[in-house]
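Q: One letter stands for each residue in the lines below.
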Amino acid sequence: MIPEMGQFALALAWALALVQAVLGLAGAARGSAGAMAAARRAALAQCAALVLAYACLTASFLRIDFSVLLVAANSSTRTPWFYRLTGVWGNHEGSMLLWALSLSLWQAAVAAFSRSLTESFRARVLGVLGAVSVGFLAFLVLTSNPFERLVPMPAEGRDLNPMLQDPGMIIHPPLLYMGYVGMAVAFAFAIAALLSGRMDAAWARWSRPWTLVAWVFLTLGILVGSAWAYYELGWGGWWFWDPVENASLMPWLLGTALLHSLIVTEKRGAFRSWTVLLAIGAFSLSLLGTFLVRSGVITSVHAFASDPKRGVFILGLLALTVGVSLLLFAWRAPRLSGGGAFAPVSREGSLLVNNVLMASAAGAVLLGTIYPMVIDALHAGKISVGPPYFETVFVPLMVPAVVLMALAPFLRWKRDALARVLRRVWPELIGALLIAALGVWAMNHVTFGAFLGIALTAWVVLASLRLLVDRLRQGGAVGLAARLRGIPGSWWGMWLSHLGVGVFILGVTLVGALEQRLDVKMMPGEAAELAGYRFVLRGVSEVPGPNYTAQRGELEVWREGRMLTVLAPEKRAYFRSAMPMTESAIDWGVFRDVYVSLGDPTGDGGWVVLLFYKPFISWIWFGAIAIAVGGLAAALDRRYRRLARRMASVPLPEALPEPAAEAVR
Amino acid sequence: MKLKYLIPFVIFVALVALFAYAFRLDPREVPSPLIGKPAPAFALPRVDSPETLAGPADLRGQPWLLNVWATWCVACREEHAMLVRLAREAGVPIVGLDYKEIRGDAELDASRLSPQEEREAALLRARTWLTQRGDPYRFAVLDLDGRVAIDYGVYGVPETFLIDAGGIIRYKHIGPIDERAWREELQPRWAALGGGKP
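Those protein sequences? They're chains A and B, same order as listed. When you line the first sequence up against my numbering, it's residues 843 to 1507, in that order. When you line the second sequence up against my numbering, it's residues 6 to 203, in that order.
Simulated from the structure, these hints should not be mistaken for lab results. Please read all numbers here as calculations on a predicted model, not as lab measurements. Some hints here could point you the wrong way.
What the hints assert, rightly or not - Under the rule of at most 35 angstroms between Cα atoms (straight-line distance), these lysine-lysine pairs were calculated in the DSBU-like manner:
{"#": "1", "chain 1": "A", "residue 1": "Lys1256", "chain 2": "B", "residue 2": "Lys105"}
{"#": "2", "chain 1": "A", "residue 1": "Lys1151", "chain 2": "B", "residue 2": "Lys177"}
{"#": "3", "chain 1": "B", "residue 1": "Lys105", "chain 2": "B", "residue 2": "Lys42"}
{"#": "4", "chain 1": "A", "residue 1": "Lys1256", "chain 2": "A", "residue 2": "Lys1151"}
{"#": "5", "chain 1": "B", "residue 1": "Lys42", "chain 2": "A", "residue 2": "Lys1151"}
{"#": "6", "chain 1": "A", "residue 1": "Lys1109", "chain 2": "B", "residue 2": "Lys9"}
{"#": "7", "chain 1": "A", "residue 1": "Lys1256", "chain 2": "B", "residue 2": "Lys42"}
{"#": "8", "chain 1": "B", "residue 1": "Lys177", "chain 2": "A", "residue 2": "Lys1256"}
{"#": "9", "chain 1": "B", "residue 1": "Lys177", "chain 2": "B", "residue 2": "Lys42"}
{"#": "10", "chain 1": "A", "residue 1": "Lys1109", "chain 2": "B", "residue 2": "Lys105"}
{"#": "11", "chain 1": "A", "residue 1": "Lys1363", "chain 2": "B", "residue 2": "Lys105"}
{"#": "12", "chain 1": "B", "residue 1": "Lys105", "chain 2": "B", "residue 2": "Lys177"}
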């Protein structure tokens, strides 16, 4: 009964999404208050229906109901309950249901928390979101039914993919999906702006907090995914430039460009069509990411070609969404042009360069990601585009972006002189170069990459401190505490996120320059040394787990004659796949990780053990967390909440008035 | 409408056209150069007894099917029941070539496995599959590194070759064999080669 209830709720949600799309768009076009209110209620009801559908699938997993195909394929009687919970999305159908659920949660949030929007604008936003939802629910209902029954019911299930049986995988997909799908809200705001011809400072102020929150989710989702790859895959790497990772990085890059472009649209009324294009682009790349991950096209384009139903559906959805949006853009965006003029050296100019660099980086990653697939599809052979390509194109784009990132907040709007700014920050520039020189000398690791990385970090940190000091000097006679309080959340957000980028770069640079690795054969009782640490293998024993058996090694970690900890890396054989899985063991630290992973037995009682010394790797995560917290601080800025209280909006002088009738000719 | 605002749309249409063109080149339409040529010989370990090596030579004197499959291949799941029926009801001799059982599985990372581990894992997975779903094969062999599949010009799984009594490849079917593919493409050719007669 429960799966049938879920199936019904899913179909109901589909119908409600259709109602929401039609009433939202048509109601706004005709100015029908009743239709617009109904669209809003449909969004809330759709969300309730999808929560119910998701709860039904979760219940089937928790009850171990193998008569549901998805449950039988992704769990077993021995799977612990929390991995049955995550088994819901550890597969194609369930993860698409999670996608649809995220979208409906965003829609309900827009329906509930956007009283400051005009009725017609909110109806348009909900209409666009409803249309996207119709497409994805159709995909679920028609090609990927998560509630399909299995007859006869098997006695035992296949268990969840062992790689996904990890705590990181419990929170990674929901965070990432909230981020991916959140870009749909920015997209819907942009489309609504095109439809209504209204795109003013108030629009940017409505749009920006939503975009920020989605971007924070995306940042955290990528962070958790990266940390998972680091400790679960057992290779000690944290980013592999594989297509799945790139799929999440591309919308992040364009989302970053969008956030900055929105600032200019809000403060100066400029960049409007560019902002709309970025919003369309960021969501398109989210859809592309979904297509890449879900269609099987990554594994092999022929896996895709031999079972093309799903892939073609998502590809069609992608082409339709992006095609219609861009056509609408070509038609309506000319009406949005305008905004204040500015000189090349100005705050606007620097943000424009930021946008170009971020968009180019996203383009480069896109090219590297789809190129092998096109080559493969054309039967021109299998090629793989690896880290060397990405590092070669990505780093030169990011270096100027980071230099500018720290400089831009010093620039004035409209027009500035480079000489004026350089006169202010030259001590920081020189200081950064000196610190970098000193740093590579002290580490005894003189390479251009290490120098560049440290110099960038030092520049970002010094310039950020300088910015804070300058800011606190303003504000006249009030006390320091009052001045600190007077700084708005969006300023703190900018400051912290930029600082986070610096911290992140330092982590990347130092772990790249100073990490050490040793593959060593050890007999029980033997010791190995790496980077001043002494590892003693106590032994390896067999330990039973709920749905696997593990070979667990015990290694003592010693430093300067003192035992720090005992690490227990495992090699697990899950009953499902008969595949050995590596579970590394890590002694986390602020300044270094000690990372141990178990290789193969050598046959004579010994084991190959992989030892890593990873200095400053945590700073990669710290940096990413600071970036995300900064985004959250900016989203919570008082001026967005003030806006919510003050219904009226102040259009910029050059902004177009909203046309009275929607029949635009 | 100013033309420069159409640029993003034009670029997008060009990209979609490229993709559509690339994916329209269906591998099914590419004729195999191997048709009419002798089936490349191989000797690979059998799934049921890995010490025994088997190859096309064991099937001489009758038309048979070489089916390329793997347990990670979703389309093979659909095809399998059909193969079991063909073997049981029509008595079609089918040989299974288990293609990159471990290395081909996108869910797994095979790079850290020793050859011994890889082979054992592959045997266990293949045997479980055949026990649970029925075994349609005269014998199934492991092509762990996919070398034999390269000799046969395999693009992906599943693919099926029709080989005649003299060991010549007569036909290649790409994608899962379903009721229609068997009735319209394979069965007539198989019967014409003398298949199904005592």
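Q: For every hint, state whether the structure bears it out.
A: Taking the hints in turn, this is what the structure says about them:
About 61 angstroms separates the Cα atoms of Lys1256 (chain A) and Lys105 (chain B), which puts this hinted pair outside 35 angstroms; it is violated. Pair hint Lys1151 (chain A) plus Lys177 (chain B) holds up; C-alpha atoms about 23 angstroms apart against a cutoff of 35 angstroms. For the given pair, Lys105 (chain B) sits about 24 angstroms from Lys42 (chain B) by alpha-carbon distance, which is consistent with the 35 angstroms threshold. A hinted pair counts as satisfied when its Cα atoms are at most 35 angstroms apart, and Lys1256 (chain A) with Lys1151 (chain A) does not qualify at roughly 52 angstroms.
At most 35 angstroms may separate the alpha-carbon atoms for a hinted pair to count; Lys42 (chain B) and Lys1151 (chain A) meet this at roughly 34 angstroms. A distance of roughly 25 angstroms separates the Cα atoms of Lys1109 (chain A) and Lys9 (chain B); the hinted pair therefore holds under the 35 angstroms criterion. With a C-alpha separation of about 74 angstroms, the suggested pairing of Lys1256 (chain A) with Lys42 (chain B) is violated against the 35 angstroms cut-off. Distance hint between Lys177 (chain B) and Lys1256 (chain A) is unfulfilled; the C-alpha atoms sit about 68 angstroms from each other, more than 35 angstroms.
A C-alpha spacing of about 12 angstroms is found between Lys177 (chain B) and Lys42 (chain B), which places the hinted pair at or below 35 angstroms, so the restraint holds. About 58 angstroms separates the Cα atoms of Lys1109 (chain A) and Lys105 (chain B), which puts this hinted pair outside 35 angstroms; it is violated. Straight-line distance between C-alpha atoms of Lys1363 (chain A) and Lys105 (chain B) comes to about 29 angstroms, which keeps the hinted pair within the 35 angstroms bound. This hinted pair checks out: Lys105 (chain B) and Lys177 (chain B) have alpha carbons roughly 20 angstroms apart, not beyond 35 angstroms.
The structure fails hints 1, 4, 7, 8, 10 (numbered hints given earlier, in ascending order).
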